[in-house]
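Participant: Residue numbers (the working numbering), protein chains in the order written: chain A, 5 to 324; chain B, 5 to 324; chain C, 5 to 324; chain D, 5 to 324; chain E, 5 to 324; chain F, 5 to 324.
Keep in mind the hints are simulated off the structure, nothing from the lab. Treat the hints with caution; some may be incorrect.
For chains that are exact copies, the list does not tell them apart, and a pair is met inside one copy or across any two.
No more than 20 Å apart at the CA atoms, straight line, and that leaves these computed lysine to aspartate or glutamate pairs for EDC-like [claimed, not checked]:
(1) K111 x E14
(2) K111 x E247
(3) K321 x E247
(4) K321 x D286
(5) K290 x E264
(6) K290 x E301
(7) K321 x D299
(8) K311 x D217
(9) K317 x E266
(10) K68 x D96
(11) K317 x E205
(12) K128 x E99
Chain residues, written in single-letter form:
6 protein chains.
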Amino acid sequence: MAHKFVNQIEPGEGIDDVYIVRDPILRSTTRGDLYIAMFLVDRTGQLNGRMWQATEAIYKSLPKPGFVHIQGRSELYQNNLQIIINNISIVDAGEVCIGDFLARTDKDTGQMFEEVKKIVGRIKNPHLKALAGEFLADTELMEKFCNTPGGVKLHHNYIGGLLEHTHNMLQVAVAILPLYPNVQADLVLTGIFLHDIGKTEELSYDMAFSYTDSGQLIGHVVKSLLMINQKAEVLRAKGTKIEQSVLDTLGHIILSHHGEYEFGSPKLPATAEAFMVYFIDDLDAKINQVTAAIDNELSDSNWTAWKNALQTKLYTKRIE
Amino acid sequence: MAHKFVNQIEPGEGIDDVYIVRDPILRSTTRGDLYIAMFLVDRTGQLNGRMWQATEAIYKSLPKPGFVHIQGRSELYQNNLQIIINNISIVDAGEVCIGDFLARTDKDTGQMFEEVKKIVGRIKNPHLKALAGEFLADTELMEKFCNTPGGVKLHHNYIGGLLEHTHNMLQVAVAILPLYPNVQADLVLTGIFLHDIGKTEELSYDMAFSYTDSGQLIGHVVKSLLMINQKAEVLRAKGTKIEQSVLDTLGHIILSHHGEYEFGSPKLPATAEAFMVYFIDDLDAKINQVTAAIDNELSDSNWTAWKNALQTKLYTKRIE
Amino acid sequence: MAHKFVNQIEPGEGIDDVYIVRDPILRSTTRGDLYIAMFLVDRTGQLNGRMWQATEAIYKSLPKPGFVHIQGRSELYQNNLQIIINNISIVDAGEVCIGDFLARTDKDTGQMFEEVKKIVGRIKNPHLKALAGEFLADTELMEKFCNTPGGVKLHHNYIGGLLEHTHNMLQVAVAILPLYPNVQADLVLTGIFLHDIGKTEELSYDMAFSYTDSGQLIGHVVKSLLMINQKAEVLRAKGTKIEQSVLDTLGHIILSHHGEYEFGSPKLPATAEAFMVYFIDDLDAKINQVTAAIDNELSDSNWTAWKNALQTKLYTKRIE
Amino acid sequence: MAHKFVNQIEPGEGIDDVYIVRDPILRSTTRGDLYIAMFLVDRTGQLNGRMWQATEAIYKSLPKPGFVHIQGRSELYQNNLQIIINNISIVDAGEVCIGDFLARTDKDTGQMFEEVKKIVGRIKNPHLKALAGEFLADTELMEKFCNTPGGVKLHHNYIGGLLEHTHNMLQVAVAILPLYPNVQADLVLTGIFLHDIGKTEELSYDMAFSYTDSGQLIGHVVKSLLMINQKAEVLRAKGTKIEQSVLDTLGHIILSHHGEYEFGSPKLPATAEAFMVYFIDDLDAKINQVTAAIDNELSDSNWTAWKNALQTKLYTKRIE
Amino acid sequence: MAHKFVNQIEPGEGIDDVYIVRDPILRSTTRGDLYIAMFLVDRTGQLNGRMWQATEAIYKSLPKPGFVHIQGRSELYQNNLQIIINNISIVDAGEVCIGDFLARTDKDTGQMFEEVKKIVGRIKNPHLKALAGEFLADTELMEKFCNTPGGVKLHHNYIGGLLEHTHNMLQVAVAILPLYPNVQADLVLTGIFLHDIGKTEELSYDMAFSYTDSGQLIGHVVKSLLMINQKAEVLRAKGTKIEQSVLDTLGHIILSHHGEYEFGSPKLPATAEAFMVYFIDDLDAKINQVTAAIDNELSDSNWTAWKNALQTKLYTKRIE
Amino acid sequence: MAHKFVNQIEPGEGIDDVYIVRDPILRSTTRGDLYIAMFLVDRTGQLNGRMWQATEAIYKSLPKPGFVHIQGRSELYQNNLQIIINNISIVDAGEVCIGDFLARTDKDTGQMFEEVKKIVGRIKNPHLKALAGEFLADTELMEKFCNTPGGVKLHHNYIGGLLEHTHNMLQVAVAILPLYPNVQADLVLTGIFLHDIGKTEELSYDMAFSYTDSGQLIGHVVKSLLMINQKAEVLRAKGTKIEQSVLDTLGHIILSHHGEYEFGSPKLPATAEAFMVYFIDDLDAKINQVTAAIDNELSDSNWTAWKNALQTKLYTKRIE
């Protein structure tokens, strides 16, 4: 049975479906009866939920947050829709269709990953080839790579976003590298493939997009570099030595790919390859962010709301 | 007869060639005799010149700066090479091979301009097509467009640099536009073609690269916009009305293509097309600047000197 | 009959007057009945409106936003005043006293414009005189010039504000120019007269102060320059050539009059005249903004609320 | 006998005049003979001096820096003019015409001071009147006030510059205050009169313009405030109590008159009067700085050299 | 009887206690009856209060803000607790236990002040010793010094916070000065003792922490310097002259102790002692701010909310 | 035989000693004879060297740069001392007393390292104890740790500077940690011990202080983190697992210890321990930098030259 999305519920409907419960609070009415207030959430939004005949035991059993099965009814209260809950029970994350709760790329991740492998397969420098191969061979990591979002808020913020962003950047690189023959293609391609690989450890996305503790303390920029060094160490243990100068030049691309100190890059780009990865990253992220903001704009106006990260409103009207 | 370049002169040679004279000064020796000190310049550098039997009439006749024919001899003085001048006469700029004095793109400008026309020819939107066509039909302006440098100092700073930069940007756009189907290709292509057209009025390059008064007071960003509005006015007078909203959307790309207020953009990018032109411009300029700096580095070190505009040294060593 | 202002309505009054309707929404009650929620607005504020017996046809007929005639009654609901609407009908903007809806300068615009003309009449330089004259002769534009607000939010944000601001700046200039004999008075006076003329195209003020699309894409700084160049072109067509260097020097004043890149000036002031226009503009705007904020402060405190644009609170207490 | 200015000396002249000696060094030639190298300075520039038959006693007797009487001869050495010194003797500063060594305002300081007193005499508020009067009555301080330069480098950097700058600002205020009736004139006039009074303690100008230790540690902004509080204390001891709130409002004008934190103002303007003093100060300083730079430009170009404090070159050409 | 704190009140309790009333407003119900809405506040939070049978006389008698005795009852209204007031009467601040309303250091102020005196007693330089002694002898000021908060919001924002902060900084200085023998200990100790003494005049803390007018106009940085100069003047009048250079060097420490212009320091540190006071101040303030934020965090998350002043969230989890 | 320092050589001395040769150039005189110009350097400065009877073979044999034995004579040429070289031969770095060429801490490195070990020995947390122990046990690395300079230019820029700086910071931490009981001492001590350990790989100091390629591409901040992760990996291989959360919390201290993005920290401090390490680092570095600049000032003035990194001059006069 299809999930009933939060933004499709009308007043007066019976509800019998799974939602994420968030921020439940136990309160007492003026008469002293206990009730639980909470939010019910899926990927289309959230509603207030009220369970009037509640006990402390029920409250304590609730995940904070987590998946729950709700039985009850929708009603309008002071012009806002809310759900009156008769029954609530915990649901195992494994039984849930995660796509109902987290946005997902609308492209084919399998096909995108095949194309990534094909482009990475062009790398000829033996050190970079070995390194990229070691990553491709780590199937557990590659599965994460295909599912991690591109970010929590700004761009490619959906399941598969990291892959989609990396895939698109590789395509841009393949298209323009012939125009810049002095730029070392192998470094650019490896740099793009691995530039955000640390996001697989920085971001968590089981119920919502958020940062891991480790991700917030260290950041994906440095985490990507650590992962590259670990793979190089593994290769060394197997007898394949990655030249230190190659590792440093690649590492420099990773560390400098945000382009400015204030965006968390501890080094500024100092090679043509680092500049190219930085620009392709910024271009792909900004175009994704801008076109998504324009697509999602609902108002009739020719302008979106103010976008703080861009310090402007966006103009939504197309020519002709 | 081939020009004898300044950086090829050895001590003790006879000199009989054309150079640019700069900053001539009339002085008297301790004994009271008059002499003229000056710099002799071509595109490879400059040397001190001394004319010992000078008169105030000769001094007054000299252009400041300008082309002169020199007869004399080179010598070492305190370990520096200088030219002792016996004869000096003014030369008309028309008789001079300007390429000896100003750096020039090493690409074929005719072929590049053909390719620019071909790419611009793809534009389908009738307003933008008419506008671009009006520029292409202005042969005097197009000749300037093919010769103007891309800048005075930072990137593409040679004759033909504006064309080379515009041509390269158009090629990048053609390569990546298919990857971003929401981005309006006609706006991007017209925006790139005209983004720096104001440099034809901002920069002068008869003997050296410098700014015109008008260029320095108004700047090429706004000058480009003025030129677009003038061409639209000409078209209107001929009966072809360019839709105001098309003109404004294109104008916005021009005004915002430096991307940040502090780089002289009076508006920040507010459309996907404006972001794309800004990024392609920055990418092409920076890669040109970085690869030129690396190519021109003479020292054996793995690093160039500090580059102030980039806030870093550049790493010159290639992998493998 | 005098308009009943929103901030004068008491609970329990009958309402029969014109207001601006904004953001109407069609909703259904728990019982399934349709009603329309909306804001009712004039220049003193806004109230919630509710029309309980509504139909989709009524909803669709409403302007979004626009003028409407309301019949109904005020009531307190949860301590907030709201209007219960029995009847609603569209009103033509032409029948409305716009002054009830938009704030207006309390100075005499006719007299101010006469004084502007008198001061501009002092200009002696023939190029600048011709240019200013061409603007003064454009009666349609001059009518806009007398009505446009000085801005949407920060200063002189009322009908006639642009004229009041320009008029005040001209008076300041006339008062201090004798103290700075090296400064070219004609340039300063023309620069002030035209420095914000682009706001006539940047701002719309039919029902509320807002930006036009064209204004937001191009900005009044560059629009002012474009208008000056258009008038110069018109003059040229009539046989009066404005010297290019005069046009550039005046244009430079326009482009640099915000004084800093981050305030949208693509050029920094590079002449004494540009500095003077920038300072007089900033002085008049800031004094207007500060004294208005102090006048409008209602609390008993000696300080206004935090003013973000000034990065401070303002001290409201006068000495003695 | 008129002073022979450094920029008027020709090769081969006999020299018998007073200069400032700076940075003398005792050295020995290859043969072991001692000589003294030094700079000889007046307000038009400096030259190298060499005294070949020198002793350690002569060296030790020299002021570092100070006034000396020089007898000797000018000569050209490697195309640079230098002075060969036969005799050198110390000169008392009292016997020197200081105007030969320090630039001085070309306006009449007596007349300017009379006008300052007249304008300050308009102040009606009894607290501010008493305070200003106490300063005017301090003849020693007022003499310093009439001689102190306006600054070391940027603007009004000549003897009498502080008075000239204050005088001009008062005239501007008198001219524009009638246009801003809400602004409290007495606060503006007192604020201008005393805004830089601390420069009398911050700057020293006996031989060259420089900072006192105290001036460099505390700064004229805070020093001005300290001096106002000291005068208020003196008045209090005489029985005239200056209202604390008047003192704080005036003090706030002083502390905020640089307008921005980064220019050393510990407070941002928070009253209309503080804004007005800040703007008049900035306007008068910048116009002085710009017109002086344009006047002093010697080259034939239409542009001065780059002015770092203004982040631009200045355009020197006048219209018509 | 112990004060009933706002955060301990349950629904349905009788209330008979003292609170601060804030922002009272007189309103009328739909039936036309008058009532007063207000906030009731103590140091643990605030609640809505409603007095239904109100008169304009009662409203006018209320302090805005001030202490009042409330008799009434708590109730839940739309899930929020509010107090229904039957009786309200003004209470004299002298009868109130101020500690119920303002947070207070949990350290012993008497003991801390003794230790401050002991450490200050180590100062040997006679000028600084005399100056510090003059402050210690001002018992009225010292009592304020022991009670003033360290700030309104960021750190040590409780009664006694200034003393606690100064005391802690002195202890840090005593601990590390032996490690830096070149740093002049007497200057550091005097500098720390007096660095924030102006806060006694800048902050008011009778009912809540706020700024005085004088404090907001002048700021504690400059106020501290004024107070030091006043004490030096008092000493001079008694025959003890404080060397000007000592006063300036100490004054410089005070003026520069915020370390950067944008934090309100009109001078940047220019002595080792000024750097040391700046660093110890910043360290003690930030550690206090960070540990307080972590202690006060109530959520189960490993991270606090975003802290704007620190531009980060804080990680609350301890190791092991 | 003691080294003859460059700043002790007088004109006319015989020279027979070891220096570093830098930037040798082969040139020919006017007569066509070859000679070599070069700089001769030790830790006290540099002089010009000229070898007149030179051959291309000699030129090619010279290190660029490297140690050479020079035989020749000093002479004055145009008032500058230079060395006329008769004989030049390469010297092995192993035979050289490196202290003659590189500045060195004047503290006892052996004793400082013992104290570092003692303080690190206090760490009780088993994860941090194991990690620190693994570093201490790496004798090759610890020897580098004792010799590496603290930096190339700003502070502790001498052999042993890294150890001296780390040692001093640990002493400061031990002195103040008891005053901040909430701060986790083990994290602070481990964080300080390892905060700059990456400088052992970032800096080279065989002949002069400079950056390695790897150091310049990656930077010591991230290098320190990589080294910590490598040691943790080594421990894991030996069966000692370092808790990931401990590793991340320590890593965060390393990454954030520059305190601001613009100083190359990719993360801002988010724990009390990170703030403490940042402040102790900054305090020790700045006090070292300031006292060194004051000690090295040679002029009689009370102020040093302008210090760009501090944005001020420094006041050199001590009180009393």
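Participant: Tell me, which hint numbers fail for this structure?
Facilitator: 1, 2, 4, 12
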